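*Asks:* Chains as they are written, first to last, in numbering that gives the first Met the number 0: chain B, 0 to 312; chain E, 0 to 501; chain H, 0 to 111.
Treat each hint with caution, since some may be false.
[Claimed, not checked] Here are some of the chain E residues that sit facing chain H, going by a computed Cβ distance under 10 Å: (1) Thr152; (2) Leu187; (3) Val190; (4) Leu191.
[What the hints assert, rightly or not] Selected chain B positions facing chain E (in silico; Cβ < 10 Å): (5) Leu105; (6) Val170; (7) Gly269.
Rather than coming from a laboratory, the hints here were simulated on the basis of the structure.
Note that the coordinates shown come from a computational prediction; the quantities given were computed from them, not determined experimentally.
Glycine included, C-beta positions come from ideal geometry on N, C-alpha and C.
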Amino acid sequence: MTPPFILEIAFVILILAIAVGTLVARAAFTAVLLFMIYGLLIAIAWIRLSAVDVALTEAAIGGGLTGMLLLGAVARLRESEGSGEEPGLPTLLAAGTFCVLVSAALGTLVLSRPEVAPSLAPAVMDNLAQSALGNPVAAVLFVFRAFDTLLEKVVLLLALIGVWSLAPDRVWGGVPGLRLYAEPSSILVFLAQLLPPIGIMIGIYMFWTGASYPGGAFQGGTVLAAMWLLVMIARLQPVPAISLRCVRLLLVVGPVIFVAIGLLGFVFAGAFLAYPPDYAKPLIVIAEATLTLSIGVTLGLLVAGPPDRMQQP
Amino acid sequence: MIPEETTANGYLLVLAIMLPVIGILLSLAAGGRYVERIAMVLLPAGLVIAAAVFGLVWRDQQSLVYIVGGWHPPLGIALRADGISAAMMLTTAIVICATGLFARGEFGQPRGSPETRASQVFWILLLGIWSGLNTVVLGDDLFNLYVALELLTFAAVPLVSLKGYQETIKAALRYMLFALFGSVLYLLGTVLIYGAYGTLDIAMLSGRVHPEPVAWIAASLMTMGLLAKTALFPLHLWLPPAHAGAPAPGSAVLSALVVKGSFFLIARLWFDAMPGLMNVASGQILGTLGAGAVLFGSILALRQQRLKLLIAYSTIAQIGYLFFIFPLTAGNEPWDSVAWTGGWLQLFSHAFAKASMFMAAGLIAETLGHDRIAEFGGINRVIPITVIAFGLAGLSLMGVPPSGGFVAKWLLLLATVMEGQWWWAVVMLVGGLLAGGYVFMVLGKAFGSASAPLKLARPVSRGREIVALTLALCAVLLGLVPLQPSELLQVGRPEVLGVITR
Amino acid sequence: MNSIALFAYCGAAMVGLGLFGLITKPQVLRKILAFNVLGTGVFLLFGVIARRGAAAGLHSDPVPQALVITGIVVAFSATTMAVVLLLRLYAETGEATIDSDDPPSTGTDGGR
Chain B
0 MTPPFILEIA FVILILAIAV GTLVARAAFT AVLLFMIYGL LIAIAWIRLS
50 AVDVALTEAA IGGGLTGMLL LGAVARLRES EGSGEEPGLP TLLAAGTFCV
100 LVSAALGTLV LSRPEVAPSL APAVMDNLAQ SALGNPVAAV LFVFRAFDTL
150 LEKVVLLLAL IGVWSLAPDR VWGGVPGLRL YAEPSSILVF LAQLLPPIGI
200 MIGIYMFWTG ASYPGGAFQG GTVLAAMWLL VMIARLQPVP AISLRCVRLL
250 LVVGPVIFVA IGLLGFVFAG AFLAYPPDYA KPLIVIAEAT LTLSIGVTLG
300 LLVAGPPDRM QQP
Chain E
0 MIPEETTANG YLLVLAIMLP VIGILLSLAA GGRYVERIAM VLLPAGLVIA
50 AAVFGLVWRD QQSLVYIVGG WHPPLGIALR ADGISAAMML TTAIVICATG
100 LFARGEFGQP RGSPETRASQ VFWILLLGIW SGLNTVVLGD DLFNLYVALE
150 LLTFAAVPLV SLKGYQETIK AALRYMLFAL FGSVLYLLGT VLIYGAYGTL
200 DIAMLSGRVH PEPVAWIAAS LMTMGLLAKT ALFPLHLWLP PAHAGAPAPG
250 SAVLSALVVK GSFFLIARLW FDAMPGLMNV ASGQILGTLG AGAVLFGSIL
300 ALRQQRLKLL IAYSTIAQIG YLFFIFPLTA GNEPWDSVAW TGGWLQLFSH
350 AFAKASMFMA AGLIAETLGH DRIAEFGGIN RVIPITVIAF GLAGLSLMGV
400 PPSGGFVAKW LLLLATVMEG QWWWAVVMLV GGLLAGGYVF MVLGKAFGSA
450 SAPLKLARPV SRGREIVALT LALCAVLLGL VPLQPSELLQ VGRPEVLGVI
500 TR
Chain H
0 MNSIALFAYC GAAMVGLGLF GLITKPQVLR KILAFNVLGT GVFLLFGVIA
50 RRGAAAGLHS DPVPQALVIT GIVVAFSATT MAVVLLLRLY AETGEATIDS
100 DDPPSTGTDG GR
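Generate coordinates for the entire structure from the input sequences, incorporating the hints supplied.
*Replies:* Below you can see the structure in the form of structure tokens.
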């Protein structure tokens, strides 16, 4: 029981306490705040598990964007939150027993399996040179399992369509609400003027170095989305209407290029989503660059929500 | 053994998944009236691809395989089209094309009409569902299948809330929550499997998995999640309001295809990824839940006053039949292929029949302005084709010859006799009687005389009636399948299921 | 017990907590929060498995890491859709809860 280990136990207890707090807090606002803290703690946990790419993604999306989204939701829900009947004791007991069983099973299972855990790390490292990337996680995402990443981008777009479809008929094609603040305070406006240039550089840098160091298209794209949202909330830039041609093009440019590169792989490299050996690095960079842009726009629009007013002429 | 190299024509599998994806991207970029046109071009193209895959698998009696990116599992992802995948793909393609044709009435974008939300969104969602379903049946990697499930969910949920009424939004939210519960449990199982076996490729797992606690717990968690998405009793609560609240073409696709996607994965899990794990106990449990669904769903269907809700409860009942595959093939006997064929035939014929029924219900509701069954008197004179379509589809649900439903239920009954598990036969017969009850409840009203002169809310659309009728005829045509285990559906099966005895 | 085991128990507990919240809480916003806790728990378990798969010079197996990144993005999209549905429901009805034994609506909507 060394001091660092005691600290880790304290850390885990803190995480669990905040998780419990998130679920039992009476006020929705408190619950969401606790959840944002929880997200950041989880990001630190990921660093402890030596998964820096995941930590970045968790901090950006799980903590940052999700928090922004939920705060916006809480702002609109206000008092009605408290109503609703809690389920009766039998249901609680049944659910509780089930959950305790699942947790216990998981706890024992994850650790009891083979002493030498099966791992694909050797396979990844063996093929890393062929993938023309230095970051093994990026190699898995954009080379070995690029199909998953492609489909995931489609999932993101479908979620956006789903969000848009919930707009009332009369404002279809209009401008998303994003009315978190009635009048942006001067501090907010100041931050929105100061941070975005830095943020955009950080976002681009994260995507660029993601080829060899932790980072990548998702993390970079999330930072871009966050900066864009900041600028829109501070009213420095108008929220775009969803029917604008340039918005639509930005949304699809990433996946379209990715699909095109994949289809070209049929011709030049023998298989869908295979990269020709000499051009692998530039192709992947182009794909990631456009994907970063598209992901940024998609995530930003997902947080902005469905349109609720028509474009002011 | 199962080949692990890309087979000739394997690229068709990639096209089957990517064509709808390209459609979604183009539709999003182009917007306006192009959305419907893009769909109208891609739907037949996809049908051709599905038919080609089906034909190739049938002719060669061998699975089609594609290794994506040239990276072999366990590092990369493989796609595989075996017998049941090919049949499922073809069924999906036919139903979706028919739905597309049918939907032109409601979501068409004729020249000069303003761009509306529902018509724009519907076609993109339809393409999304198609891509998701193809990935579900072709994917051979557990995590890829997770992404496919999410694709399917995200395309299906907005379909439920497309009309925008308060009940449909509530139904969509409930559906979403159940679906999320299901996806997360599925993912949890996947995590455990990777931790234990180091691969997510189904073909590789079949060689590595053996009955041990981690496999059992992973399989149970994944099955529980998938059962929530398939709306098997007792996790069926979300389905009736969701399928009844969607617009008619949406309900058709949701009931006919989307819920079958998660069932397909349950079968993949137990028969392909972890063969040998299915034992008598687990088979009986799944079968019991299926029996509960058959009885519960059918009885509740009888009590419905609105047609769309009746059909939705009927879906819950008919899905129960699918789960009889599990107890009836648990013993690895040579005649298990009878139950196997019967179960899958039930899936396909139900897909055609249910899609046709929901289309008929949509036409009735549109023509009359409501769907209260008690006031259906005399509609037979007004929309005879629709009523005939409904009746033919009902034949399949009841299991009356000639129909695919009859062959399916006959084979399942045969299997219960061969296995000596007569209790499922009792449930099936009672289910058939109850189905007859609710089908004739509607038909009786329709053929009866009108209590008051019928006022039509809108003129009848003959073209769409024909589409509904065609799908019902497909269900009937499946009845021409010989009453024996199908060789096609056996393609790609491990030897565990036994050799065809005829 | 070492650090990896600690996080495994943490993840398992988070899964249990999240599952309980998702099933029992009537308020939809809490269900969504619980779903996110559940999701991060599942991902953390995957992270433990990745950490145990440290090999070939890497401290952590990259394949589960990539899958978790994908999972985080998908979970975020799911959260967004659920939140928008919730807000729309609230705007239409003023309710923000879903009771588990709500009977399906048999309203007067004619099915049009």
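*Asks:* Would you pick out the hints that fail for this structure and give their numbers low to high?
*Replies:* The structure breaks none of the hints.
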